[in-house]
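S.K.: FYI, our numbering numbers position 36 of the sequence shown as 36, with every residue one higher than the one before it.
Hints are computed from structural coordinates only; laboratory data are not their basis.
Please note: incorrect hints may appear among the correct ones.
Claimed, not checked - Here are the computed distance ranges between Cβ atoms for each label pair:
1) Leu132 to Ser188: 22 to 30 angstroms
2) Arg189 to Val99: 21 to 29 angstroms
3) Ala98 to Leu132: 51 to 59 angstroms
4) Ala56 to Ala89: 12 to 20 angstroms
5) Ala145 to Met177: 29 to 37 angstroms
6) Gln125 to Ala45: 45 to 53 angstroms
7) Asp121 to Ala59: 30 to 38 angstroms
8) Trp185 to Arg101: 29 to 37 angstroms
9) Ala85 to Leu132: 29 to 37 angstroms
10) Ser96 to Ala45: 42 to 50 angstroms
11) Met139 to Arg101: 55 to 63 angstroms
12) Leu146 to Met177: 28 to 36 angstroms
13) Arg100 to Gln125: 32 to 40 angstroms
14) Met190 to Val136: 35 to 43 angstroms
All C-beta atoms in this analysis are idealised placements derived from N, C-alpha and C, irrespective of residue type, glycine included.
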Amino acid sequence: MNGTETMLDRLHGLIEMGGPVIAIIGVMSVATLAVVLYKIWQFRASGVGRHLALRAAVAEWDQGQSTAARRTLEGSRSYLAPVIARAFATDGASDSAAVRRLEAEADARFSRLERGFRFLDTVAQVAPLLGLFGTVLGMIEAFQALQSAGSQVDPSLLAGGIWVALLTTAAGLAVAMPASVVLSWFESRMAEERALADHALSVVLGPDNRVVRGSPPLGQAVPQGA
1 MNGTETMLDR
11 LHGLIEMGGP
21 VIAIIGVMSV
31 ATLAVVLYKI
41 WQFRASGVGR
51 HLALRAAVAE
61 WDQGQSTAAR
71 RTLEGSRSYL
81 APVIARAFAT
91 DGASDSAAVR
101 RLEAEADARF
111 SRLERGFRFL
121 DTVAQVAPLL
131 GLFGTVLGMI
141 EAFQALQSAG
151 SQVDPSLLAG
161 GIWVALLTTA
171 AGLAVAMPAS
181 VVLSWFESRM
191 AEERALADHA
201 LSVVLGPDNR
211 VVRGSPPLGQ
221 AVPQGA
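Using the sequences provided together with the hints, build the complete structure.
M.R.: This is the structure:
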């Protein structure tokens, strides 16, 4: 209990020194942490990065083993599995409209996973500016106090005002830098997901596979009378 009270007292003192700017940055930090934790949970729940069964199913389809591919895909927990299942249902004979529908469905799933990215990007850009704004306000107050002191200037008065003013800049950077790093990691993961979806759809719906579905494997002669 004493530890919690001490932490709250320190937080209250920090807000008193930094003023409303520190309070705003504090709210931004809590919101950022909440968004990051939610995105991590969402990625895990959706199976982001866990596509072993889906990759195996696409590879089997590419080899002409459509039945095995469908059976393998049924064991996939990937959020892209329903999209690939619909692509399998076309037997590689999709027209351009069907291809666009499948791509649109994949994009819709990506959009759901990318919700919150804009907020993290905004925090990464605004938090340092907000901290700098607080520093400017603090410097103004410090020099006003210095002017009010007149001829009896105490150097510690100016030094104390400056370090308090710089506190907001440090707080803004402390929030912005982790937000920027985490956002870059999220974006890199989504870039990999998009590349995987593009590859899978191109394999299943590509012109080569439309021919292979009804043709013998390469190197195998067509039976007489077939």
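S.K.: With reference to the structure, classify each hint as holding or not holding.
M.R.: Evaluation of the provided hints:
no., hint, in the structure
1, Leu132 to Ser188: 22 to 30 angstroms, "holds, 29 angstroms"
2, Arg189 to Val99: 21 to 29 angstroms, "holds, 25 angstroms"
3, Ala98 to Leu132: 51 to 59 angstroms, "holds, 52 angstroms"
4, Ala56 to Ala89: 12 to 20 angstroms, "holds, 18 angstroms"
5, Ala145 to Met177: 29 to 37 angstroms, "holds, 31 angstroms"
6, Gln125 to Ala45: 45 to 53 angstroms, "violated, 29 angstroms"
7, Asp121 to Ala59: 30 to 38 angstroms, "holds, 36 angstroms"
8, Trp185 to Arg101: 29 to 37 angstroms, "holds, 31 angstroms"
9, Ala85 to Leu132: 29 to 37 angstroms, "violated, 51 angstroms"
10, Ser96 to Ala45: 42 to 50 angstroms, "violated, 33 angstroms"
11, Met139 to Arg101: 55 to 63 angstroms, "holds, 58 angstroms"
12, Leu146 to Met177: 28 to 36 angstroms, "holds, 32 angstroms"
13, Arg100 to Gln125: 32 to 40 angstroms, "holds, 34 angstroms"
14, Met190 to Val136: 35 to 43 angstroms, "holds, 37 angstroms"
Comparing the model with each earlier hint shows violations of hints 6, 9 and 10; every other hint is respected.
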